[in-house]
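Student: All chains should be modelled from the sequences, with the hints used to inform the complete structure.
Each chain is listed here by its residues.
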Amino acid sequence: MKPRDTSSLLYRVAQRLRPAAQPVRPAALRLTTGAFTIWNNLRRRSMFHKLNRQDASQFAPVGPVRVLRRPLPPNVANAVYDAAQVTNIVATLGIAHRVSGPVNAALQLWTLSYRNSWGMILHNDNMALMHQLVLGVTHSADALSVDAIVRDKTLTPQRFDREYGGIPTAMNIATCAVYVISGVAKVRSPQGWQWAAGNTLRDQIAADAVRKEVFGTQAPEAARRLYNARGLFTLAGVGALVVELGAPLSLVNRRWGQVFSVAAWSMHLGIRYIMGIKFPYNTSGVSYVPYFPVGSQLR
Amino acid sequence: MFISHSHCSAPKPDTAVPVTPRDLWALAGYVAFAGVLLAPLRHYVGTPKQVRRAKFKRDSFPLSTYPMFSTDRKGRIIVPHVVGITADGERICLHHRHYGAGGVNQVRKQVARGVRRGHAAAIAQRYADSLAAEHRQGRLNGSSPGAIRRRREAAVVEVLVVRSRFIFDDYFATGEQPSLPKEETVRARCVVGGFAERVEEPTK
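The listed protein sequences correspond, in order, to chains A and B. So in the working numbering, spot 104 of the first sequence is number 104, and the numbers just go up one at a time. So in the working numbering, spot 69 of the second sequence is number 69, and the numbers just go up one at a time.
I should point out that these hints are in silico values taken from the structure, not numbers from a laboratory. Be a bit skeptical, because a hint or two may be false.
[Stated by the list, open to error] Listed below are the simulated DSSO-like cross-link pairs for lysine-lysine, each with C-alpha atoms no more than 27 Å apart in a straight line:
1. B:74 <-> B:49
2. B:182 <-> A:50
3. A:50 <-> A:278
4. B:109 <-> B:74
5. A:278 <-> B:109
6. A:278 <-> B:49
7. B:49 <-> B:109
8. B:57 <-> B:109
9. A:278 <-> B:57
10. B:182 <-> B:74
11. B:109 <-> A:50
12. B:57 <-> B:74
13. B:109 <-> B:182
Model, not experiment: these values are computed from the prediction.
Tutor: Encoded structure:
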């Protein structure tokens with residue numbers, strides 16, 4: 001193709017999904033996602049270690065952990081978990097990232113899959129993990145890293161490449177996939193598109209509150225207070241479907257992506273308030289940083 | 001860190017960078033990546049019955065079917081759980097920590113599976129042993145959530161593994177206090193400090 005045939009469809013697709021950018025753009029994502037996951041994993045360290053000591057009868061391996069027939073000895077599982085936290089710090093700082101990035105991606109995949117291999121598959125680590133996988137195997141440490149200081153003698157090398165602009169797109173594809181599948185799950189439920197009426201959502205919030213209380217914890221006050229506010233649940237149901245099924249549009253236009261980010265973030269704050277379910281990567285806003293420009297070259 | 005172009009004094013770089021074969025491969029890679037991530041959608045193809053089964057059975061990590069919020073509960077729920085009974089006959093919902101780590105949903109799932117597989121007595125024993133250990137340790141003073149819970153559970157003399165049916169409209173009609181279940185079946189019981197026995201007795 002002509003190098004600057006700017007009217008061609010292919011060129012426009014490339015400009016949208018793989019805009020030329022400076023290395024600071026993915027580097028900022030490496031730092032934000034890395035810092036979040038370092039904090040989020042370390043605060044759960046004792047919980048992970050307790051899970052690793054559980055009886056083998058509770059072991060139900062998922063994902064890559066399916067290679068195991070029985071759980072690892074607790075000391076080994078704990079050592080792997082701790083190694084994953086060390087590599088996470090090393091990769092976030094951008095030290096030998098060509099090696100530490102992929103190694104960290106693999107270790108995070110293993111330890112989080114292992115955490116979900118005890119009979120309950122949780123859904124609050126998926127997005128952060130996928131973002132880490134993308135950042136780990138791409139050139140996300142060419143700026144704001146130890147590698148950049150060693151190689152280029154500066155934290156902000158002035159290179160300009162489509163590869164750097166493509167990394168946020170890959171992360172946003174992962175974000176969209178999570179929401180789209182969640183949306184399809186709802187409209188393919190027994191209620192179908194009637195899910196938007198909010199009854200299923202209201203029942204789910206009630207079920208969650210009952211479960212929390214019968215297992216000796218406090219249900220969010222809002223669940224009891226809002227249970228009879230049917231109109232609110234219809235609004236929330238419609239909003240959730242619009243956000244989830246409309247997620248792919250966030251890839252088409254940068255401004256739509258930012259609107260999507262705010263809407264999805266608000267949805268998670270609502271879930272946190274009414275159900276007490278934490279999606280910390282989402283409520284912190286870190287999961288939506290790839291939708292926002294970093295660096296002077298991007299509008 | 002977040003700098004929009006309009007606030008930047010540096011000259012705007014030339015963004016009309018040519019598209020190279022490497023970029024085409026990358027675009028194909030995005031499509032393949034999206035294909036892999038969206039692969040769980042295949043479990044939503046089929047009859048409603050097939051979908052209902054597959055979305056839970058085929059859920060995995062990190063490629064999930066994200067089935068949460070999609071179950072049609074028809075205004076009620078059945079929950080296997082564990083209650084403590086005091087000498088005065090008061091009923092206390094026992095904390096999930098007595099069974100294991102990982103949070104309320106992790107324990108809830110493990111208890112439900114255990115009851116389904118006929119291991120209710122083992123669950124009762126585990127809760128009773130945990131309560132007995134806490135009774136021995138004391139640590140009832142203080143205002144931490146743990147101390148408050150231990151004080152509340154200190155009077156428990158027996159634990160029951162039950163399977164309770166709740167009607168949401170009834171449950172949330174009682175104001176601030178949770179209501180009792182509509183129906184309940186005891187699956188096992190264990191005196192704190194004693195040995196568990198499996199039972200099958202309707203209590204309500």
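Student: Next, verify each hint and record whether it holds.
Tutor: Each hint, compared with the structure:
1. For the suggested pair residue 74 of chain B and residue 49 of chain B, the alpha carbons sit about 16 Å apart, so the restraint of at most 27 Å is met.
2. Only pairs whose Cα atoms come within 27 Å are accepted, and residue 182 of chain B paired with residue 50 of chain A is rejected, the gap being roughly 35 Å.
3. This hinted pair checks out: residue 50 of chain A and residue 278 of chain A have alpha carbons roughly 20 Å apart, not beyond 27 Å.
4. Distance hint between residue 109 of chain B and residue 74 of chain B is fulfilled; the C-alpha atoms sit about 21 Å from each other, no more than 27 Å.
5. Taking the CA atoms of residue 278 of chain A and residue 109 of chain B, the gap is near 18 Å; set against the 27 Å cutoff, the hint holds.
6. Of the pairs offered as hints, the one joining residue 278 of chain A and residue 49 of chain B is violated, with about 30 Å between alpha carbons and a cut-off of 27 Å exceeded.
7. Annotation: proposed proximity of residue 49 of chain B to residue 109 of chain B holds, straight-line Cα distance about 22 Å (limit 27 Å).
8. A hinted pair counts as satisfied when its Cα atoms are at most 27 Å apart, and residue 57 of chain B with residue 109 of chain B qualifies at roughly 14 Å.
9. For the proposed pair residue 278 of chain A and residue 57 of chain B, the alpha carbon gap of about 24 Å is at most 27 Å, so the pair holds.
10. Distance restraint check for residue 182 of chain B and residue 74 of chain B: the Cα-Cα separation of roughly 15 Å lies within the 27 Å cut-off, and the hinted pair is therefore satisfied.
11. Taken as a hint, the residue 109 of chain B and residue 50 of chain A pair is honoured in the structure, with Cα atoms around 17 Å apart against an allowance of 27 Å.
12. About 21 Å separates the Cα atoms of residue 57 of chain B and residue 74 of chain B, which keeps this hinted pair within 27 Å; it holds.
13. Using a Cα cut-off of 27 Å, the hinted pair residue 109 of chain B and residue 182 of chain B holds, with the two alpha carbons roughly 21 Å apart.
In the structure shown, a violation is registered for the earlier hints numbered 2 and 6, in ascending order.
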